[in-house]
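With the hints as your guide, set chain H onto chain C.
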Amino acid sequence: AQTVTQSQPEMSVQEAETVTLSCTYDTSESDYYLFWYKQPPSRQMILVIRQEAYKQQNATENRFSVNFQKAAKSFSLKISDSQLGDAAMYFCARFSSGSARQLTFGSGTQLTVLP
Amino acid sequence: SAVISQKPSRDICQRGTSLTIQCQVDSQVTMMFWYRQQPGQSLTLIATANQGSEATYESGFVIDKFPISRPNLTFSTLTVSNMSPEDSSIYLCSVWRNYEQYFGPGTRLTVT
Chain C
1 AQTVTQSQPE MSVQEAETVT LSCTYDTSES DYYLFWYKQP PSRQMILVIR
51 QEAYKQQNAT ENRFSVNFQK AAKSFSLKIS DSQLGDAAMY FCARFSSGSA
101 RQLTFGSGTQ LTVLP
Chain H
1 SAVISQKPSR DICQRGTSLT IQCQVDSQVT MMFWYRQQPG QSLTLIATAN
51 QGSEATYESG FVIDKFPISR PNLTFSTLTV SNMSPEDSSI YLCSVWRNYE
101 QYFGPGTRLT VT
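Line by line, the protein sequences are chains C and H. Going by my numbering, the first residue of the first sequence is number 1, and it counts up by one from there. Going by my numbering, the first residue of the second sequence is number 1, and it counts up by one from there.
If we strip away everything but chain H, and leave its shape as in the complex, we get:
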């Protein structure tokens, strides 16, 4: 298995501000993923983050809005920039290891 922690677990932010979410994995992984889960919805992939290269963003997500860092093989950050109420969601970090995908506990973001 994989132990993944995320910080913060939840936050309430004002529109126009930015929030950086941290993801820490208990051991090295090549691929890390960031997902968004809007209220009552399924999970949608935002981007894939590989160490040493630019993140690969899915359709509908752009780097200016969701910049991602991947400084090493156990850590990544996702920033939600210039937030609006539509960004209120759960954001989940995930890793692929041993042919299984594991998820962090999520960060619940509310934008007012």
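Excised from the complex, chain C in its bound form:
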């Protein structure tokens, strides 16, 4: 099975500081997409950032950026200037664009932001 692994079940960060969430994945495909989703207590899945595998440049969305290492199959999320509203469960996910088009999720990282 092609898996997505998040090795940090829980992380905490001081408000205004920077935190990095780790994610590694397994795939035999060359064409795929990687995502980070945020799930607050409201349970709504919110897309944070997307990375296309064919792009070498790391994606950035305001305070959120990724470090995409394709050869190492690593896809970490950096949150800068952390805010209280960033507290949530974060899921890394991979979308396979081959014959089995589906999104596979990691187990999640619960992020706590300390005031």
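Hints were generated in silico from the structure; no laboratory data involved. All values derive from a computational prediction rather than experimental measurement.
Partial selection, computed: residues in chain C whose CB lies under 10 Å from chain H: (1) V4; (2) Q6; (3) Y37; (4) R43; (5) I46; (6) A93; (7) Q102.
Just so it is clear, CB atoms sit at the ideal spot from N, CA and C, and this is done for glycine as well.
Positioned in the frame of chain C, the structure of chain H alone reads:
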């Protein structure tokens, strides 16, 4: 983006009964997905529903337990049949559009 609504938002059901969850998308999409999120867990894909064809189920999920309908390109239903307490989960509808995957607000199901 995509606007997705689900009904009901939550329900409490007795074991042995069935519940049908509805998913409505604001515009036409080819692929719709149904996920389950058990308490404290990640999301697991139940099935992929394409209009005009049978849904494709993932390992561990069967059509008799989770029948799915996809009558048109903006609507789908998931039925949880003969429920047991182990079916207590959040069920999420999802669509793929413009190289991004969007999710509905989820249906929180509790089986007593």
